[in-house]
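In the order they appear, the protein sequences are chains A and B. Going by my numbering, the first residue of the first sequence is number 77, and it counts up by one from there. Going by my numbering, the first residue of the second sequence is number 668, and it counts up by one from there.
Worth flagging that the hints you see were computed from the coordinates, not collected in a lab. Since this is a predicted model, take the numbers as computed values, not measurements. Note that the Cβ used here is the ideal one computed from N, Cα and C, for glycine as well. Accuracy of the hints is not assured; some may be wrong.
Short derived list, chain A residues pointing at chain B, Cβ under 8 Å [unchecked claim]:
| no. | residue |
| --- | --- |
| 1 | Gln-183 |
| 2 | Asp-184 |
| 3 | Leu-191 |
| 4 | Asn-195 |
Not close to chain A: a few residues of chain B, all C-beta gaps over 12 Å, as computed [unchecked claim]:
| no. | residue |
| --- | --- |
| 5 | His-761 |
| 6 | Gly-766 |
| 7 | Arg-856 |
Pairwise CB distance ranges (calculated) [unchecked claim]:
| no. | chain 1 | residue 1 | chain 2 | residue 2 | range |
| --- | --- | --- | --- | --- | --- |
| 8 | B | Ala-961 | A | Gly-139 | 38 to 46 Å |
| 9 | A | Pro-284 | B | Glu-1013 | 51 to 59 Å |
| 10 | B | Glu-1013 | A | Ser-222 | 20 to 28 Å |
| 11 | B | Leu-973 | A | Gly-197 | 20 to 28 Å |
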Amino acid sequence: MPRHVACVMDGNGRWAQRRSLPRAAGHRAAETSVIDVIEAARAAGVEWLSLYAFSTENWNRPGPEVDDLMRLVRRVVRKHAPLLLARGIRCRFLGAADPRIPRGLAQDFEDLATLTAENQGMTLTVAFDHGGRRDIVEAARSLIRSGTPADEVTERLFADHLPFPDTPDVDLVIRTSGEQRISNFMLWQVAYAEWVFPEVLWPDFRTPDFLTCLDAYRRRDRRFGGVPPQKNGDPS
Amino acid sequence: MTTGTTGTADEAPLFGPESRFHAFFDDPRWALAMIRATVLEAAHPQIGAALADNSTFMAHPWRRLRNTFLSMRRMFDADPAVREREAARLNRLHARMSGSDSRGRPYDAMDRATRAWVVATLFESAVTMCRLSGQPLDQDTMEHMYAEYRVFLAALDGDAGELPEDLHDFWRYFDGVVEDELENTEAARVILYRLFDHLPAPALLDGAPALWAAGRAVVGPLLGAITVASLPEPYRRRAGLPEMPGAPTLMQGAYLAAGLTRFLPDGWLRAETIIETLSLSPDSDDPRARTVAALRARMKRASALLRLLTPLGGDTGPDPFPAARADTAATATTEASGESRRSAEEFFRQVLDQTGDGHLDWPDLAAMARELATRLDLDEPEETRLYDAFAAWWRELQAALDTDGDGRVSAAEYAAAVPSLAGPALIRVAEVLFDATDKDGSGTIDAAEHRALFRTAFHRDLDLTDGTYGRSAFVGDFLSFMSGRRANTPYDPLLADA
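So that you can see chain B by itself, here it is in the shape it has in the complex:
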């Protein structure tokens, strides 16, 4: 084993609240640095291919952000048992990802050199973020931090042999990868140019779509420009990224401004609070959700008043919306029937197509299994049972729905065959999910188990007996959500939230 692995791992400063890494958690600069690191990761052909195939960040970016954040925090937890468990979980998760990219080159999320690159981008982005905001790290701090990141890699991989031992050699390694291996991958382009322009509103702001879209139209391109300008010059040249006048100044200004928040009182900015608040959905039972819901109700009333007070054009003029009438008829019918049901297309986009590529294939179902396993904090062998159940469901879906035989299911194929979704394999998925949720094996889901899966207390409309949720009711609700396309069930935030 190389130096700086388990030996130093138990020394307090490398992990826990004292570590450099921990100090960055609540630093707003870290948000910019993370975007930059993600682009550098995605530019690696292996990671880019894995992201393009498996990642849910296009369709469910907020959920992905929350999961990544929680995982990182566990990896740097002061308790070694927590770190080991999280590393094992990440390894199992990544072991399930392999395939080949659009040019047929194989990728494997367990590839050691590739994983070293992920850690390298995180470290390099942290250093760069300090440089760009005008507060460069001194040599000692940098070396200490490098040791931290090597330990992080060692926790994942067993040892940190893929990263140079010495910081001096690291820079040569880093520049070498940037110059020789990075490409203008699809995934990097998606992050730079599509993700922020199409970013769905987080659960918190779901009720204010106009506000969200307006903010996004301004911030999206800005974030793209800032990120491009902060990438290493050799990569910008190779990938053919634009050099926009003023972009470097904008980028440095953004980092500088984010760095100034260090003068704010302690505890004002806490990444965890921000992420948790963004993921609040209005019907959750969190006390903060009530405040949010009240605020949102006031906003709704204010905008209703505003609309009513806006003068109408011409009292005696013709109906200003004559053409809209046919439209209204259509909307009215969907609204009448759409209260509890949603369109097949919407369900496909929000729930089934987890990777947001417009097709339903195995990575989509694997992403569902991944999300459920993460929520329930499953260990082996329950995790494998859940994945197996989803795999069997995928075979069933493929056999039933893939009419053109291209190995995946398109939205049209799905819409043509919705009823056949609820086959025996889906029932099996529901049963396995029930067993996994029912941790104490009591045959019912109690309040705590329900909270672990849905992050909220029992819903009023659940079919409850003695305050618990029985197997048949659970399986029935799951099936009606997955096949009957019932919206507004507790299952909604589980798989449909952005």
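In isolation and in its complexed conformation, chain A is listed as follows:
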């Protein structure tokens, strides 16, 4: 069982286009998949789930689509906050530092993180306005500011300066819609990850698809054998 699963939620736009709907409809349809996957991961015993919701590059999309997405995310966060609390899921938001994020949404992110901070169940990290390179640059800045001598910098020490340093390495990345790219997602943490690329578009991605991906991960382990002794933790 992978300890840390990450999903790159790709294909909302294409899903809408195939149905001759506006792109926004695709984003809206993604909501069901998100809730389904969170529930499936929790039930399957995944301890860490990360969702790539919005990248730093996504700001380049047309203004109305971005605005619409922000409103949608805000509605989803507020709608499901009690459920997430009740399910014992600890939520947090990776990135989410851009001033273009509406104040109300930023407040909701903060509130949801505060509300669920004490939860002991699965940790859900939503990468919103996230960029893997930016995190690495930030970590480097933080290291330099702390005055660490160059010789003492190790991978472990460097990782401690990343946002949410308690996050373990990603074991399995699921990227839907058949696209096979990293797209600047949690670059540091995916170093040893297994990748699966189901053809299904994200709005159609449901619990069975998720379980298939987990199964693929398990089979892959079985085929290659020799699981590294410490695959979740410190590579150094």
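Starting from the known structure of chain A, fit chain B onto it as the hints suggest.
Just chain B now, kept in the frame of chain A:
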């Protein structure tokens, strides 16, 4: 020496837990009476001027309350050595306060007649508080209490000659001062009308600003009205204070209600517990602070849930905060850089401008020295060395920052020249403070010495070697707090807490 001084001082009932004065400590009526006494003191032109110039009660009322309370308790301690030491400390403190008021009349905190008036207001307010709450004191108790207060004055002044010997003459003296000497001073107006409306939250409630502001908006004006109505009529007339319909009833009701708490079981209300609890800051290592912090975390979570559950207006409507975006950008940048640094303006208001008058001048730095000396419980000559170091720093600041030459430093002048704050004189202040804190002269600050200064155990982020805090680390941290405007250091509660 007049009667009722050292002779009676050693008789048990006048001091210690048996005295009348001690009985009032935990009495909620005493809180109202103290406010009233303070207004009467501030209405005295000499005291009013001294308060306006030197007092920190506007900017740091809770700290001031705590210090006053502890000092009063020491002055009425059963052990004469404790009383003498506290009296000497108060005298040194007051000897450093003199100047002139806005009309150029000189004041001097050592003036004997003025100090007698302070004691007179305390006594009279205690008597009045009993009258107003419907439990007047009988003649014997009143005379006994008067003797106690005269001894209190004698402990400060050497003798109680400035107060009439006899209770009968006291009332004539009191009425005479009220009618002839009291004025509508700035300090009295500030206490009546500004202090409670702007009262900053005590450390305990710092995390719930909305709650505090809401409570203050109701209680502030009420306390003002209650206090005005309880002042002597001749003073109300002279100072032109409003007579509000219902205010006397409200005032008597408040005193009566406070008096009813005498039916509560013993130990339910303890002034010391209340004051200490209010001054708890959430990151202190006191076990009660953990409970408070846990409670506060629950409150934060509850309000987060409440906000998330509040319905939004219109899903498809436009962004409800479009105008706020530019704002958000500004906030986000300050938040990003503001985690460890605070704005120059905030630092000026919270730390430098101790008297809250909007300017940095000598009384502000003297107030810092006073607070540090009080915490460390310094005796001579360490206290004078600390004051001298602060005085040298003030000269350095004045020379560097006072560009318009008005003898004081405004917030704007300060903001324009922040980097030059860390001159050699400030380094000297840090060194003197280190020596004063390092009581055993070991060259390091150990856990007990650290607790005396900061009221909390070592902070995790301190640069510690072998569990002690060395001179250079201490001086470095002090300088970065005073000049680099680093927030969230252990120095914060030292000078910034309300």
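Right, here's what the structure says about each hint:
1. Gln-183: 7 Å, holds
2. Asp-184: 6 Å, holds
3. Leu-191: 4 Å, holds
4. Asn-195: 11 Å, violated
5. His-761: At roughly 47 Å from the nearest Cβ of chain A, His-761 (chain B) sits farther out than 12 Å, so the non-interface label holds.
6. Gly-766: The claim holds: Gly-766 (chain B) sits with its nearest Cβ about 46 Å from chain A, beyond 12 Å.
7. Arg-856: Consistent with the label, Arg-856 (chain B) stays out of reach of chain A, its closest Cβ about 40 Å off (over 12 Å).
8. B:Ala-961 - A:Gly-139: 38 to 46 Å: Taking Cβ atoms as reference, Ala-961 (chain B) and Gly-139 (chain A) lie about 44 Å apart, which means the hint holds.
9. A:Pro-284 - B:Glu-1013: 51 to 59 Å: 56 Å, holds
10. B:Glu-1013 - A:Ser-222: 20 to 28 Å: 25 Å, holds
11. B:Leu-973 - A:Gly-197: 20 to 28 Å: Taking Cβ atoms as reference, Leu-973 (chain B) and Gly-197 (chain A) lie about 22 Å apart, which means the hint holds.
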